[in-house]
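Asks: In case you want the letters, here they are:
2 protein chains.
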Amino acid sequence: MYAPTARTTASRSRDRMSYDRDAAHAVLDEAYHCVLGFVVDGAPRLLPTLHVRVDDVLYLHGSTGSRPLLAARGDAGLPVCVSVTLLDGLVYARSQFHHSANYRSVVVHGTAHLVTGDDDKRAALTALVEKVGAGRAADSRPPSRRELAETAVLALPLREVSVRSRTGGVGDEPADLELPHWAGVVPLRLTAGAPEPADGVVAPVPPYLPVPGPVA
Amino acid sequence: MYAPTARTTASRSRDRMSYDRDAAHAVLDEAYHCVLGFVVDGAPRLLPTLHVRVDDVLYLHGSTGSRPLLAARGDAGLPVCVSVTLLDGLVYARSQFHHSANYRSVVVHGTAHLVTGDDDKRAALTALVEKVGAGRAADSRPPSRRELAETAVLALPLREVSVRSRTGGVGDEPADLELPHWAGVVPLRLTAGAPEPADGVVAPVPPYLPVPGPVA
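Chains A and B supply the protein sequences, listed in that same order. Residue numbering for the first sequence follows this note's numbering, beginning at 3 and increasing consecutively. Residue numbering for the second sequence follows this note's numbering, beginning at 3 and increasing consecutively.
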């Protein structure tokens with residue numbers, strides 16, 4: 003369990019909140035992309051990016067020229083908020099008020115630091131590559147010294163973490179159950195299509211690619 | 003075209019940026035959910051939520067108890083940043099450095115205000131319901147006075163808007179093209195499953211539900 007804090011405690015819908023470590027890790031691991039939030043001149047900035055979790059650290063991919071990564075270069079690091087959302091379905095209630103969505107989301111608060119050591123950076127980049135296919139790191143060319151220098155990775159310790167989710171069916175009021183409107187859930191899943199090889203590729207489709215069909 | 007500003011101008015990868023109004027609208031309309039970013043006590047906060055675009059206004063769904071919506075109650079409104087991302091594929095290059103993702107994302111900066119008038123709020127909620135099925139608003143019970151009071155909607159004018167996207171295939175270095183590794187793209191799509199009716203529903207599946215298969 004992650005310890006709740008003031009900013010990870012919901013002001014409402016507390017029944018949808020959790021601080022369970024395994025549940026948070028599962029959402030972070032299933033999602034390919036996240037949103038990185040930070041503050042510039044007092045105003046919020048958002049940057050979609052790719053992430054990978056290794057134990058209790060979230061690594062965020064970036065480039066050395068991007069603003070948040072430059073800001074995270076200092077010893078103080080960069081105060082950030084990272085959000086990951088998996089949309090699981092659309093909920094059609096008989097009442098418009100109870101229309102909703104099924105989802106699993108994680109929000110992480112903390113201070114991100116730039117990964118500086120080459121070995122640490124290589125390890126994080128390997129994890130990012132392994133995330134899209136377990137075994138891909140050994141089946142691709144590792145970064146050159148120049149490529150490594152051109153890539154930036156942020157590390158965010160997973161300490162202040164909350165999970166919010168909605169699952170299940172329609173939550174209509176009892177008085178509405180006799181209304182004639184259709185009610186139910188349309189499930190949604192991120193789904194992989196057939197791999198599309200680049201021109202000139204002769205290697206067979208590797209076994210570590212996502213299989214066509216629902217991801218995770 | 004939206005006019006670029008300092009904070010919607012990329013510090014790098016400018017070739018992936020656009021300010022095209024139709025492209026931005028298409029991404030906002032296809033995505034069911036977004037992330038709302040705002041600042042509390044100098045630190046970033048993120049809140050995943052549902053949105054709908056009506057002309058050049060983005061409406062964000064919330065509840066009257068939530069922090070950002072309370073903050074947006076004042077005349078000054080709430081400085082926000084909203085991000086929407088559609089993940090279109092995973093890009094496997096021969097080099098780890100050129101691994102990437104295909105995506106379309108929109109970032110909106112601006113000041114959000116709480117929608118206060120009952121008629122305006124009803125119109126925004128109707129648009130939110132219509133987004134999950136054109137015709138659903140007429141085929142569901144409208145909000146009661148109490149339900150309307152319990153729902154909050156933020157309005158964010160679409161003025162400072164950028165689109166970032168990556169499409170297409172692998173961008174390997176010429177020197178890497180002879181490497182033996184598989185390279186290509188695994189396309190990803192959000193896909194609807196078969197509708198799951200709630201207990202007791204006798205109405206047939208309405209024609210406005212997303213058809214099983216890729217969404218949009």
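Rather than coming from a laboratory, the hints here were simulated on the basis of the structure. Some clues are possibly wrong.
To be verified - Taking CB as the label site, the calculated pair distances span: (1) B:137 <-> A:177: 33 to 43 Å; (2) A:182 <-> B:195: 22 to 32 Å; (3) A:204 <-> B:7: 45 to 55 Å; (4) B:118 <-> A:6: 27 to 37 Å; (5) B:118 <-> A:121: 20 to 30 Å; (6) A:121 <-> B:207: 40 to 50 Å; (7) A:44 <-> B:214: 19 to 29 Å; (8) A:149 <-> B:121: 53 to 63 Å; (9) B:207 <-> A:177: 21 to 31 Å; (10) A:118 <-> B:175: 20 to 30 Å; (11) A:16 <-> B:180: 54 to 64 Å; (12) A:149 <-> B:180: 16 to 26 Å; (13) A:121 <-> B:3: 42 to 52 Å; (14) A:118 <-> B:72: 13 to 23 Å.
Claimed, not checked - Far from chain B, by Cβ distances over 10 Å, these chain A residues were calculated: (15) 40; (16) 96; (17) 98; (18) 115; (19) 118; (20) 159; (21) 199; (22) 201.
Just so we're clear, the structure is a prediction, and the values are computed from it rather than from any experiment. Every residue, glycine too, gets a C-beta built ideally from N, C-alpha and C.
Asks: When the hints from earlier in the document are held up against this structure, which numbers fail?
Replies: 1, 5, 6, 7, 14, 15, 16, 17, 21, 22
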